[in-house]
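Enquirer: Next come the chains, spelled out residue by residue.
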Amino acid sequence: MSLGDFQRALADLVANPAMCLAVRRHGSDALDSYELTPREHRRLESVVWQRGMSANCTVYRSTRATPIYTLLQNTCDLLGPSLTHELNEYWMAFPRMEVRFDLEISRFADFLAQRLKSGVVECSCDSAAITEVLAIELARETERLRPRDEHLPHQKRAARFRTALPISS
Amino acid sequence: MPLCDPGGRAPRLGVGMIYTISADRFARSPGALDYWAITPDMFWVDRGVDTESRFGDLPHWIEALEWAAPRLPIVAHHIGLSIGSSCPLDQGYVSQLLSWQGRWNYPWISDHLSFAQIEHGAHKGSAGIALPLPYDRSVLDMICARVSNLLELSGGPLLLENPARYIAYPDEELTETEFINALCARTGCGLLLDLHNLHCNSVNHMFDALQWLEAIDLDHVVEVHVAGGAMIGDIYADSHSGGCPNEVWDLLEHVVPRAPHIRGITFEFHDSYFDRMGGDACLEREITRARKVWQRCN
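Note that the protein sequences, when read in sequence, are chains B and F.
Count along the first sequence from 1, then add 253; that gives the number in my numbering.
Each step along the second sequence adds one to the number in my numbering, with nothing skipped, and position 109 is 97.
Where hints are given, some of them may not hold.
Now the in silico label distances, taken between C-beta atoms and shown as ranges [to be verified]: (1) Phe364/B x Gly36/F: 17 to 23 Å; (2) Ala271/B x Glu40/F: 36 to 42 Å; (3) Arg401/B x Asp38/F: 45 to 51 Å; (4) Arg278/B x Glu140/F: 45 to 51 Å; (5) Asp205/F x Gln367/B: 29 to 35 Å; (6) Pro158/F x Glu385/B: 51 to 57 Å; (7) Ala275/B x Pro158/F: 17 to 23 Å; (8) Asp268/F x Ser299/B: 41 to 47 Å; (9) Glu403/B x Glu202/F: 50 to 56 Å.
Computed list of chain F residues with no C-beta within reach of chain B, every gap over 10 Å [stated by the list, open to error]: (10) Gly2; (11) Pro18; (12) Ala20; (13) Asp38; (14) Ser41; (15) Pro58; (16) Ser87; (17) Pro122; (18) Arg153; (19) Leu162; (20) Ser190; (21) Ala197; (22) Asp238; (23) Met265; (24) Asp268; (25) Glu272.
Stretch by stretch, here's where chain B covers chain F in the computed footprint (C-beta under 8 Å, at least three residues) [as the list claims (entries may be wrong)]: (26) 46 to 57; (27) 68 to 82; (28) 89 to 95; (29) 109 to 117; (30) 173 to 180.
Calculated directly from the structure, the hints in this document are not laboratory data.
Every residue gets a Cβ at the ideal spot worked out from N, C-alpha and C, and that includes glycine.
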């Protein structure tokens, strides 16, 4: 199990810069929940001090942001500077990445819609407008990322798209 | 004993490019490329291990393959095998890989010498990015067994790519070149030599890339990757964000005449950088330059 725990610990460190800082401060104690050999302990205690670990953390966050930013681009543009805060909140709520793009953006969209509804998103743009754009982009991408064997006839697709819109006009 | 050719019966293809939707027009231009390299994982939806019909084709992407298949060779560059994970290989994924090998008639298949899947109790999860393996004998043994099994199932050729490693583990039992040479010699798998990854490692860990190439057995090389990168803080990253730096072209000039079993040179870039790197004009420039190197040696 040791290699498995080593790999899980490294992945957790990459996904969580705060954990890297904890290992820097407390050494082995911060890795107590993993079953590691002394050599694996030494390796993890070494990598948290390496500049390449910061790069790994950045690449991880950039990889997680990519589907959201590229597929929900207008929503992200409307969020403006508050996007970073919303992503951080989302990543805290869901620390593990969903590798399927459709599921990741759908989970983020639900999370953001809830926050917009409860008025906690601090943004210069109108929440209702963001909610509307988010719904349209999500419906479009969900359709685009639907596998061929789940594809619906054109009329049903159009109906599904219309029902995704939060406005009745 | 002379080494077998890890490329098997695969033809010498020339110069190709990793296919992305943004470069679709360029990729379909007559004569632009000698082959397409695809990341099959981008062309399907994986509904999960417990689902009945697990993998579904994505229409927009599959249409491109249906166009290319009768016109150009397609080689597969996977990201989902996670050959170095401690958890057993995902047999459903392996079945899909083999099924697509038959469907698209790939001359070869490749993946990365790293791990991305992690164990969470009885479940598997994703690390989100490919992470480096410790170059230890026990890890080598584990990967050799998996590669031998895959080669038997697929009939080969199977290549593994040397990774960009931003961190270094202390006390590794083998150097990277010892690890790769042993892996290829013991199993018969080929090396996908990523020269940009090598360049990144040489910059970040301050070693001489040419010395690394002297230590690697170039008989194992079947495909070469070239790409561009960018700085993240004070690390030079394999971001695939532009044209190749001169150092990578120099390495390519060094490798191609010394790699007797090489079948192709692939230019890699990330879809999201397509416009910023100069679009089709950048692709044309990089492909033309790679072709000049290829043609001098073929």
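Enquirer: In terms of Cβ atoms, is chain B entirely out of 10 Å range of Asp268/F?
Expert: Consistent with the label, Asp268/F stays out of reach of chain B, its closest Cβ about 20 Å off (over 10 Å).
Enquirer: Checking the smallest CB distance to chain B, is Pro58/F really beyond 10 Å?
Expert: 19 Å, holds
Enquirer: For the range 36 to 42 Å, tell me whether the beta carbons of Ala271/B and Glu40/F fit it or not.
Expert: At roughly 40 Å between Cβ atoms, Glu40/F and Ala271/B fall inside 36 to 42 Å, so the hint holds.
Enquirer: Given a hint of 17 to 23 Å, does the C-beta separation of Ala275/B and Pro158/F actually sit inside it?
Expert: Roughly 20 Å apart at Cβ, these two residues keep to the hinted range, so it holds.
Enquirer: Check the non-interface label on Asp38/F: least C-beta distance to chain B beyond 10 Å or not.
Expert: Fine: 14 Å to the nearest Cβ keeps Asp38/F off the interface.
Enquirer: Say whether it holds or is violated: Gly2/F keeps its Cβ farther than 10 Å from all Cβ of chain B.
Expert: 31 Å, holds
Enquirer: Per the stated criterion, does the least C-beta distance between Ala20/F and chain B lie above 10 Å, as a non-interface residue requires?
Expert: 25 Å, holds
Enquirer: Against chain B, does Ser190/F keep a CB gap of more than 10 Å to every residue?
Expert: 13 Å, holds
Enquirer: Within 45 to 51 Å or not, the Cβ separation of Arg278/B and Glu140/F?
Expert: 49 Å Cβ-Cβ, so the 45 to 51 Å window holds.
Enquirer: Arg401/B and Asp38/F, beta-carbon distance inside 45 to 51 Å?
Expert: 21 Å, violated
Enquirer: So is Pro122/F really clear of chain B, every C-beta pair being over 10 Å apart?
Expert: 7 Å, violated
Enquirer: For Pro158/F and Glu385/B, compare the CB-CB distance with the range 51 to 57 Å and indicate the outcome.
Expert: Hint holds: Cβ distance 54 Å, inside 51 to 57 Å.
The structure fails to meet hints 3, 5, 14, 17, 18, 28, 30 from the earlier list, while all remaining hints are met.
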